[in-house]
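Student: Build out the structure end to end from the sequences listed, making use of the hints.
The listed protein sequences derive, respectively, from chains A and B.
Under the working numbering, the letters of the first sequence match residues 1 to 335, in that order.
Under the working numbering, the letters of the second sequence match residues 1 to 335, in that order.
Quick caveat, the hints were computed from the structure, so don't treat them as lab data.
Bear in mind the structure is a predicted one, so any value in this text is a computation, not a measurement.
We treat Cβ as the ideally placed atom computed from N, Cα and C, and that holds for glycine.
Worth double-checking, as some hints may not be accurate.
[Said to hold, decoys possible] List of simulated lysine-lysine pairs, PhoX-like, C-alpha gap at most 25 Å:
| no. | chain 1 | residue 1 | chain 2 | residue 2 |
| --- | --- | --- | --- | --- |
| 1 | A | K328 | B | K101 |
| 2 | A | K323 | A | K238 |
| 3 | A | K195 | A | K238 |
| 4 | B | K41 | A | K41 |
| 5 | B | K179 | B | K195 |
| 6 | B | K147 | B | K41 |
| 7 | A | K147 | B | K179 |
| 8 | B | K262 | B | K328 |
| 9 | B | K101 | A | K41 |
| 10 | A | K101 | B | K328 |
| 11 | B | K147 | A | K147 |
| 12 | B | K179 | B | K260 |
[Said to hold, decoys possible] Per label pair, the in silico range of CB-to-CB distance:
| no. | chain 1 | residue 1 | chain 2 | residue 2 | range |
| --- | --- | --- | --- | --- | --- |
| 13 | A | P95 | B | D57 | 32 to 42 Å |
| 14 | B | S53 | A | E117 | 52 to 62 Å |
| 15 | B | P186 | A | K147 | 20 to 30 Å |
| 16 | A | G313 | B | T102 | 37 to 47 Å |
| 17 | A | A103 | B | K262 | 41 to 51 Å |
| 18 | A | P283 | B | D57 | 53 to 63 Å |
| 19 | A | K238 | B | R292 | 53 to 63 Å |
| 20 | B | P283 | A | R213 | 50 to 60 Å |
| 21 | B | P186 | A | L58 | 45 to 55 Å |
| 22 | B | A103 | A | G313 | 29 to 39 Å |
| 23 | B | P283 | A | E117 | 37 to 47 Å |
| 24 | A | G313 | B | K101 | 49 to 59 Å |
Given next are the chains, with one letter for each unit.
2 protein chains.
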Amino acid sequence: LKRSGYERAFVELLRRSAGRGSRLELGLGDDAALLRPGPGKDVALTCDLLIESVHFDLKFGSPWQLGAKALAASLSDLAAMGAQPKAYLVSLSIPRRPSLKTAFFKALYAGMRAWGEAFGASLAGGDSTASPGPLVIDIFAIGEVEKGRALRRSGARPGDLLFCTGNLGDSAAGLACLKHGSHGLPRGALAVALKRHLTPVPRCQAGRFLLQRNLANACIDISDGLSSESHHLARESKIAIDIEAEAVPLSAAARKLARKLKRDPLEWALSGGEDYELLFTAPASKLSQLERDFSRLTGLDLHCMGRVRPGRGVRIRQNGRLKPLADKGYEHRIF
Amino acid sequence: LKRSGYERAFVELLRRSAGRGSRLELGLGDDAALLRPGPGKDVALTCDLLIESVHFDLKFGSPWQLGAKALAASLSDLAAMGAQPKAYLVSLSIPRRPSLKTAFFKALYAGMRAWGEAFGASLAGGDSTASPGPLVIDIFAIGEVEKGRALRRSGARPGDLLFCTGNLGDSAAGLACLKHGSHGLPRGALAVALKRHLTPVPRCQAGRFLLQRNLANACIDISDGLSSESHHLARESKIAIDIEAEAVPLSAAARKLARKLKRDPLEWALSGGEDYELLFTAPASKLSQLERDFSRLTGLDLHCMGRVRPGRGVRIRQNGRLKPLADKGYEHRIF
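Tutor: What follows is the structure in structure tokens.
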């Protein structure tokens, strides 16, 4: 932590937030944190930037939820590599605003700490500065993965089947509900969708499972919607993907809310973003092992919804017709 | 790199910026980067956040210089730990502004790349998003250091001497000149100060030297001015520090510019910030070895300017009188 007048008070707040049982050799309060990697491990590094009014709206959730969600976004990248989370650093650009006082940041860090503890990652440091702009939260996450064995986007092969964990589109359904207002929406379905949107759970255990049992050829997390992520897999693996629209897993909650809001739940799954499920390919020979063990050992549903073939691009079969699937995700266009 | 519509184009830009000879197991374009730590190494992790109009002004320097300086700030934290830089990730919040086009970012990353290559660090990833706020650059840097041997803020002992590398206050002198305008200022001195302010050089080699020869008991980098950093050392090491004002190293350039601008160069050194020199303590028994080898092997001047004693706090002796040194740095107060 550097360059901030309130550095000392903040480090004290963070030291309390870091909690006990840190897995770090040296945590907060020095120029850098120190992590001691296990023998035979690679270190996985990722960061995820959340900007107020672009990625989140303080009206829609609590600071605790925001903290949990911000960390989930980074941990989800580690999950997609099959890495075990170890530590995270947090950078904050903080607007001068009466509502952004100590209580807000305590709750923000408490949310991060809860998610960090659930997935094995300790707060290791960060940087914070007063800013004339919006609240910006940038989380840098570090994990460990068995040397040379990390899951990658580039390993999919023709003949592989395409899987995803959990359901897709719930998070987008939750966002649509927040924008619409809860009035007149079915309460049970609303609760499911809001939980998925406000406190997503990174699929770290599923990623570890796939890596340890050598079940996936390629893997990515679904942060920007199925269409965008399947295009990433296809591009990086230099293969083509065919998706069966009917096999895209939509929850009962998403279907129910979509009917009420006159929206298409498949559209939420394809380009809604922030589901943080894993999208992976596996050889057909692994299907029986996946069907037998995956849900039992990870507690997550598993859905086979397509296959990998030679070629380029992504297609989707809907009402019996195969058509190209546009590469559109949750976008923030700049130039 | 996630969540950005121009992700693909940006990854391509970054892949070119990353250059050849990356030290990474897996670099850009996947969910996370992979670093393979050497045997017997700890991993040092730090980040540094720079916000437009708080930490930098695009009027005062080129995007190339900004890139070099942003990376220098993070590498300086690694230098203070005695760590060898390995990789960095870059998060950008990018305002929609005509001047912030591809050419700007190419130059920004070229500056980072130049500094990265000079100190052994490869671009490993990052995140970028369009923002309604100012340009924010957050750099996470990762280094390696011999297991259990990282230099810390907490190791200073009574009887130690206090040293710093290079000169202090040049960067603040440069900033004062930028604000004043170059008219009427001595050109040679101006060039020195501007270079120190716009393209600071992290003291990575000096940090490695101190660690490898076991010469320092405690170390910190001077990013916020000598007064603030000496207070950090005193607090974390639970000791007191006495500084000799006359021994604080001020360059001829800073003295000359201070006369012209009617400023106190010692004030620049004490609370100016961004010098990125190292401040460290060493036992008196190491003095002769430091005097013999330090400058010869690192190419940097070394200055002894105080000592460590039992107690708390920091004092400065000026005109024969010892008085408490206020803990004031380069501050951005929030709450």
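Student: All hints are to be evaluated individually against the structure, with a verdict given for each.
Tutor: Outcome of the hint check:
1. K328/A - K101/B: 22 Å, holds
2. K323/A - K238/A: 19 Å, holds
3. K195/A - K238/A: 36 Å, violated
4. K41/B - K41/A: 12 Å, holds
5. K179/B - K195/B: 15 Å, holds
6. K147/B - K41/B: 5 Å, holds
7. K147/A - K179/B: Roughly 51 Å between the alpha carbons, so the hint for K147/A and K179/B is violated.
8. K262/B - K328/B: Since the Cα atoms of K262/B and K328/B sit roughly 21 Å apart, the hinted pair holds (cutoff 25 Å).
9. K101/B - K41/A: Violated, because 39 Å separates the two Cα atoms, which is more than 25 Å.
10. K101/A - K328/B: With a Cα-Cα distance of about 22 Å, the restraint between K101/A and K328/B holds, given a limit of 25 Å.
11. K147/B - K147/A: 19 Å, holds
12. K179/B - K260/B: The hint holds at about 14 Å.
13. P95/A - D57/B: 32 to 42 Å: 19 Å, violated
14. S53/B - E117/A: 52 to 62 Å: Roughly 37 Å apart at Cβ, these two residues miss the hinted range, so it is violated.
15. P186/B - K147/A: 20 to 30 Å: 56 Å, violated
16. G313/A - T102/B: 37 to 47 Å: The hinted range 37 to 47 Å is violated for G313/A and T102/B, with Cβ atoms some 26 Å apart.
17. A103/A - K262/B: 41 to 51 Å: 45 Å, holds
18. P283/A - D57/B: 53 to 63 Å: Distance hint for P283/A, D57/B holds at roughly 56 Å.
19. K238/A - R292/B: 53 to 63 Å: Check passed, 58 Å falls within 53 to 63 Å.
20. P283/B - R213/A: 50 to 60 Å: 54 Å, holds
21. P186/B - L58/A: 45 to 55 Å: 51 Å, holds
22. A103/B - G313/A: 29 to 39 Å: 31 Å, holds
23. P283/B - E117/A: 37 to 47 Å: With a Cβ separation near 41 Å, P283/B and E117/A satisfy 37 to 47 Å, so the hint holds.
24. G313/A - K101/B: 49 to 59 Å: This hint is violated: roughly 29 Å between Cβ atoms.
In the structure shown, a violation is registered for the earlier hints numbered 3, 7, 9, 13, 14, 15, 16, 24, in ascending order.
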